[in-house]
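Heads up: the sequence lines are chains A and B, in that order. Everything in the first sequence is counted per the numbering used here, starting at 3 for the first residue and increasing by one. Everything in the second sequence is counted per the numbering used here, starting at -9 for the first residue and increasing by one.
Any given hint could be a false lead.
In silico lysine-lysine, DSBU-like type, Cα no more than 30 angstroms apart, as pairs [stated by the list, open to error]:
1) B/Lys236 <-> B/Lys277
2) A/Lys81 <-> B/Lys418
3) B/Lys417 <-> B/Lys277
4) B/Lys417 <-> A/Lys81
5) B/Lys191 <-> B/Lys277
6) B/Lys417 <-> B/Lys284
7) B/Lys284 <-> B/Lys236
8) B/Lys284 <-> B/Lys191
9) B/Lys284 <-> A/Lys81
Calculated directly from the structure, the hints in this document are not laboratory data. In this text the structure is predicted, and so the values were computed from the model without any measurement.
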Amino acid sequence: MRAGDLVTAVVLIALGGVVIYDAVQLGIGWGQEGPRSGFFPFWLATLLVLFAAAIFVQAWRRRATKVFARREQLIPVLKVLVPIAAFITLTDPPGPPDGLGLYVAAALYIATYMRWVGRHRWTSVAIVAVAVPVVAFLVFERWFLVPMPKGPLEAWLGY
Amino acid sequence: MGFENLFFGFEIAVTPFNLFVAVVGILLGTVIGVLPGLGGANGVAILLPLTFTMPPTSAIILLTSIYWGALFGGAITSVLFNIPGEPWSVATTFDGYPLARQGQSGQALTAAFTSSFVGAFFSIVLITFFAPILAEIALKFGPPEFFAIQLLTFSSFVGLGGGNPLKSVVSILLGFILASVGLDIVTGQLRLTFGVVDLMKGFDFIVAVIGLFGIGEILLSVEEGLRFHGTRTGMNARVVLTTWRKLPQYYRTFVRGAVIGFWMGFKPGGATPASFMSYAFAKRFSKHPERFGKGELEGIVAPETAAHAAGVAAMLPMITLGIPGSPTAAVMLGGLIIWGLQPGPMLFVDNPEFVWGLIASMYTGNVIGVLVVLTLVPLFAAILRIPFAILTPLIVVVCAIGSYAVHTSMIDIWYMLIFGIVGYVFKKLDYPLAPLVLALVLGDISENALRQSLIMSQGSLGIFFSRPIAGVITVAALFFLLVPVVTPWWRRWRGTA
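Please put together the full structure from these sequences, using the hints given.
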């Protein structure tokens, strides 16, 4: 974990630096309405840099014991992460092209994951992948009136 | 005179229609509480339009019942999935989930529901009889007192939380920094946005909670090769009775949790710090602190009692002063105005049927609530038997929906994923996540309290010591902050002496 601690501490110090920069731009002193906008973030970030530096020193003086994550641990993690990223992108990618909407993307995501990781039978894959988005649609769009991102399918159905 | 009023209230709350409304509210609320991201505040806000045509007393009974249901429901996902449905049920996961993994989820859930009920009942009794006195004390609180209380909450994380105190401090600071992103409501200036439009809205704690705890935990559990085991819950009348027989031995934890919960509850965001403080104290005073986090029943009793006591106490300033004690209470306050009522002390004079009906419905609602969740838990337990490859995408989709629903914004789903990765890394490196979330929730409130205090004192920090109530709380907070510094010296000194 030593390397993980060192890298995290450096990232936190860098983040603190960014916050201090922004806070100084806004003003960290006393304004007409009392402490200015940068006052609170400035002191938070200063403390963050100090404490992260202390964690860095602490980790530096310690010997490395075990690695942050082994290869065979990281692969299943990526197998979860990458499909989530794909699901979000399919729902509505950043930028101008419209996505498929949350419900269709969820159906594709659930189907892919069930088949690829769980190796479930196609019939159960089809049932779950259709039922979950339909139920979610009824609960959120119809009953609770929480609008979700929608795509061409919902438009075609008149929503 | 209190009894007369309460009796009058029961005549209103115990009509068939109002009881029906309470049951519907509890059921809806429990479902909302179980779904991460659709919390009490959210659920109440979404269902508010449905109450416009109802009589105000029935309307407030529906909304408060949803709130009780959400409080109960949060415990279900915490225990069964390790996903806190609400920030105040985070501490319930510490021991609830390990117990569920040991096949004791029936016991864990019974303890959680019973503690919730006890905590709530304690607060309701206090609200009924001591409302005027406590409201008067809270009225005297100014910004310095509020800031001192926040300081005490966070310093108790550092002093009592265990683990690396440096990392606890970093987590708190990071939470506060994330909270400051976006519009500064005092000066109207944009902070830490660097011209990026999406950053102007800032980070919502609900999204952070969903990412850090929901997605982060999924990543951790697949890495460990642990899947969501279809553990048998064994939730039946016998388990409930055996658990009930065990619970009285934790009477000290019940009392401590209820008092902490009530005390913290009538200020904004009180339920979450109350649950953590109660947990930390229970661990500190336990004869077996090493068992905490591994499935100790007392570790469920402590946070649940406090969270529910605080959740109920949050109603106190709303009905007596017109000041909401929690985000959910704030939404309800909006409801009062829409129904044509004037929130504040005049409610007791002008609309006694509303106030006392509401207070009486707190008793009936919580009795109905604990019975409903205890009997319906087998339904929720069925969720555990769903295979991992179905549950993972299901939780992710619900998390994504919850994140999006907060502000109907796509960027929040991406934040959820980023928070998930941060949660995974932090958890591996032993950075505590709970104080980060808490700081994110309380960020604006704490900052405003600090700024207003400094304006009052013309920039001098002495104000936190010169005012009697604030001074006592601040000194206590500094004591907790110094605990990790002093403890090693103390041990060394005692070792040589």
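Structure-based check of all given hints:
1. B/Lys236 <-> B/Lys277: The given pair, whose Cα atoms are some 16 angstroms apart, holds under the 30 angstroms limit.
2. A/Lys81 <-> B/Lys418: holds, 18 angstroms
3. B/Lys417 <-> B/Lys277: holds, 27 angstroms
4. B/Lys417 <-> A/Lys81: Within the cut-off at roughly 19 angstroms; holds.
5. B/Lys191 <-> B/Lys277: violated, 46 angstroms
6. B/Lys417 <-> B/Lys284: holds, 16 angstroms
7. B/Lys284 <-> B/Lys236: holds, 18 angstroms
8. B/Lys284 <-> B/Lys191: With a Cα-Cα distance of about 38 angstroms, the restraint between B/Lys284 and B/Lys191 is violated, given a limit of 30 angstroms.
9. B/Lys284 <-> A/Lys81: Holds - the C-alpha atoms of A/Lys81 and B/Lys284 are around 28 angstroms apart, at most 30 angstroms.
Against the hints set out earlier in the document, violations occur for numbers 5, 8.
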